[in-house]
Amino acid sequence: MALNLKIVFFIVLWGASLAIVLSAVTIGGYYILKFILALIALTLDVLAFSTRFYTYLYEPFIRMKHRQVILDDEDPYTISPSGSAILVREGQSIYATSFIKIPIYVSATEMENEDKALFAGMFARVISLSQQPVKLTSQLYVLNKDQYMESVRKKLNEAEDRYNTVLNKQLTEGKNAKDNEQSSMAERVRGEVTMWRNVLDSVGKAKSHALITYASVSALGSTEDEAANLAMARADELAAGISAVLGVTATVASGSELQYFIDPDYMIPVTNVSERLREKSIDKGI
Amino acid sequence: MVDQEEVLFLGCALVIVLLLMVYGSAFGPFLLVVIVLGILTLLLVLIMNYADYLVFPLFTKMLRITIVPAKNYTIAHGQQAVVKYVNGLYYATGYLTGNLYSYVFKAEKADEKVESEMVAAPDKWEKIVMNVDFPFKFNIISMAQDIQKYRDELEGQRGYYEFQMSRLMQATTQNPVDMQEIQKKISQVEMKMNKIGEGEKPLYSIIYIESTSVGISEKEALDILDTQMTQLQTVFNAFDLSIQRIVGRELYFLYKLNYRLLDAGSVMGLFKGQK
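Residue numbers (the numbering used here), protein chains in the order written: chain A, 1 to 286; chain X, 1001 to 1275.
Chain A on its own, in the form it takes in the complex (with noise of 0.2 Å):
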């Protein structure tokens, strides 16, 4: 349909460039006339030339307003009913895309050359796994601090709870209980609430980044659920694969979670903004 489109404008503008041209040099006379046929003729040409790379914006550019060219002004996305895929509408073709989330858990200073080589060996293979294109991609974000504080703050709370409850028994159960099992417990619990304690003091101070690897295969259709069945028929057997070649349990993602992918707020979230333009104004010395 674009090649069509593409065809026939640049069929259009540059058979009247040519038209224009062999008017100007046929016709008699008028110096001035063929001079101004021939820039037309020229700037057709050029435009005929452009249809090559530019002609999805031939028609929102004749609509353009207050110098704004809208390619299209509605979400640039909707998820689909079961959550499992993200919808875009093409004219009449729709394009389900699915996203397969990658938990890896190794880093490099952990391994030999050989284990390093392997390892590349693997992603390797990854990306060789489908005759469909597949992206890969491992994305850096800002983590939401807030809601990550917030857990934190709970397992703290259950942990501070859990100690109470210990040393409350202690003391309802007497000496001969204390120094054995309940001893034990109360030194247990006590240390996890240290170290809630201790990583709730890090993650304030600490810039908070996480890294996540995944997969997103595409899939055309007529209908939304034509196009979100295929995509997520897909995305299965890739997770197949990958969970195969890496060893780990690649799941498809769902929900709000496929935003981390997509949205740009979601890599930055929008608790962190303040921080991170502080950091900058510090930076340049504001």
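Heads up, a few of these hints could be off.
Claimed, not checked - Below are the DSSO-like pairs computed for lysine-lysine, each with C-alpha atoms no more than 27 Å apart in a straight line:
id, chain 1, residue 1, chain 2, residue 2
1, X, K1185, X, K1149
2, A, K101, X, K1127
3, A, K116, X, K1127
4, X, K1071, A, K6
5, X, K1124, A, K101
6, A, K101, X, K1256
7, A, K65, X, K1219
8, A, K65, X, K1061
9, A, K65, X, K1256
10, X, K1149, X, K1195
11, X, K1195, A, K116
12, X, K1061, X, K1256
13, X, K1219, X, K1071
14, A, K116, X, K1124
15, X, K1061, A, K6
Said to hold, decoys possible - Across the chosen pairs, the derived CB separations fall in these ranges:
id, chain 1, residue 1, chain 2, residue 2, range
16, A, E237, X, N1194, 25 to 33 Å
17, A, Q147, X, G1199, 40 to 48 Å
18, X, K1127, A, M122, 17 to 25 Å
19, X, V1086, A, K169, 48 to 56 Å
20, X, N1194, A, D115, 21 to 29 Å
21, A, E237, X, F1059, 38 to 46 Å
22, X, G1078, A, D115, 43 to 51 Å
23, X, G1088, A, S202, 25 to 33 Å
24, A, Q92, X, D1178, 52 to 60 Å
25, X, D1133, A, D75, 27 to 35 Å
26, A, Q147, X, G1088, 17 to 25 Å
27, A, M122, X, D1178, 35 to 43 Å
28, A, S82, X, S1116, 39 to 47 Å
29, A, D115, X, S1187, 25 to 33 Å
What the hints assert, rightly or not - Derived, one-sided and incomplete: chain X residues facing chain A with beta-carbon distance under 10 Å:
id, residue
30, A1013
31, L1037
32, I1067
33, T1074
34, S1116
35, E1117
36, E1126
37, G1199
38, E1200
39, R1249
Rather than coming from a laboratory, the hints here were simulated on the basis of the structure.
These numbers come from a predicted model, not from an experiment.
No residue lacks a Cβ here, since even glycine has one placed at the ideal position from N, Cα and C.
Chain X: place on chain A using the hints.
Showing chain X alone in chain A's frame:
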């Protein structure tokens, strides 16, 4: 590499200019001006063909045109970033591209060199992740090629080179430089065939890196993004990927790739102009 479409478009553009020049005498006193304008038109067409990332941003900058690819998104005048406006903040996303030739099947280097690069890759990657303190995405779009078809192509190439070699050997005056060159090509083809035999798959692949910055104004977000892109270009130089900033029409296509993948041929066609 010149494709059929390129030949058609360039050829047709050239025909108009040639017609004007051949029949230049019909323009009387304007002959010289028409010839100069014709040459300028040809130059503009060639720049659009081989470096449209220079022409298009200049055009949108001069006319201060903003492109709106979707609700809440705009492409800046300079065509260097896609900006999302949400909650009173501007999120600017820019793109870099490069090639993976050093790391994938197409490599035409000695085995040992490829091996050492593969060993160093995980370390380099971790150093980059540790040193970068802003969000970025490293994307590889790949598609395995049909092995049998690829093998047939390689065999065809080997046959052709061997034929050339035999002709050179039968010639009365032998040229050792040419023979060495053809022998090298035969070795490269055989190396690729051996790799297929070892289980490696030939790939179509492209990479691109994107980064996002945030600011309370569009200008601030774009300025921060420029700094981030320069830093990414510097740190990814360690991988020898020939990293280049994407400016111009490719930006829109890369933005669309966030939401859906095209077939590999269409995707790779986007980068011809900047390679």
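- Item | Consistency of beta-carbon spacing, D115 of chain A to G1078 of chain X, with hint 43 to 51 Å | 45 Å, holds
- Task: Starting from the hint 17 to 25 Å, judge whether the C-beta atoms of K1127 of chain X and M122 of chain A obey it.
- Result: 20 Å, holds
- Query: Between E237 of chain A and F1059 of chain X, does the beta-carbon spacing fit 38 to 46 Å?
  - Reply: Distance hint for E237 of chain A, F1059 of chain X holds at roughly 44 Å.
- Query: Is the hint on R1249 of chain X kept, meaning its closest Cβ partner in chain A is under 10 Å away?
  - Reply: 6 Å, holds
- Could you check the hint for me, namely that D115 of chain A and S1187 of chain X are 25 to 33 Å apart, CB to CB? 30 Å, holds
- Restraint status (C-alpha distance of K116 of chain A to K1127 of chain X at most 27 Å): Distance of about 14 Å is within 27 Å: holds.
- Taking 27 Å as the top limit, are the C-alpha atoms of K1061 of chain X and K6 of chain A close enough? 25 Å, holds
- Message: Quick check on a hinted range of 48 to 56 Å for V1086 of chain X and K169 of chain A, using CB atoms only.
- Response: 51 Å, holds
- Message: What's the verdict on K101 of chain A and K1127 of chain X, does the C-alpha distance respect the 27 Å limit or exceed it?
- Response: Measuring from Cα to Cα gives roughly 23 Å; hence the hint holds.
- Do the alpha carbons of K116 of chain A and K1124 of chain X lie within 27 Å of each other, as the hint requires? Satisfied, since the Cα-Cα distance of roughly 11 Å is no more than 27 Å.
- Hold the hint about E1200 of chain X up to the distance rule: shortest CB distance to chain A must be less than 10 Å. Interface hint status for E1200 of chain X: holds (8 Å vs cutoff 10 Å).
- Query: Is the Cα-Cα distance between K1195 of chain X and K116 of chain A 27 Å or less?
  - Reply: 20 Å, holds
Checked against the numbered hints above, the structure violates none of them.
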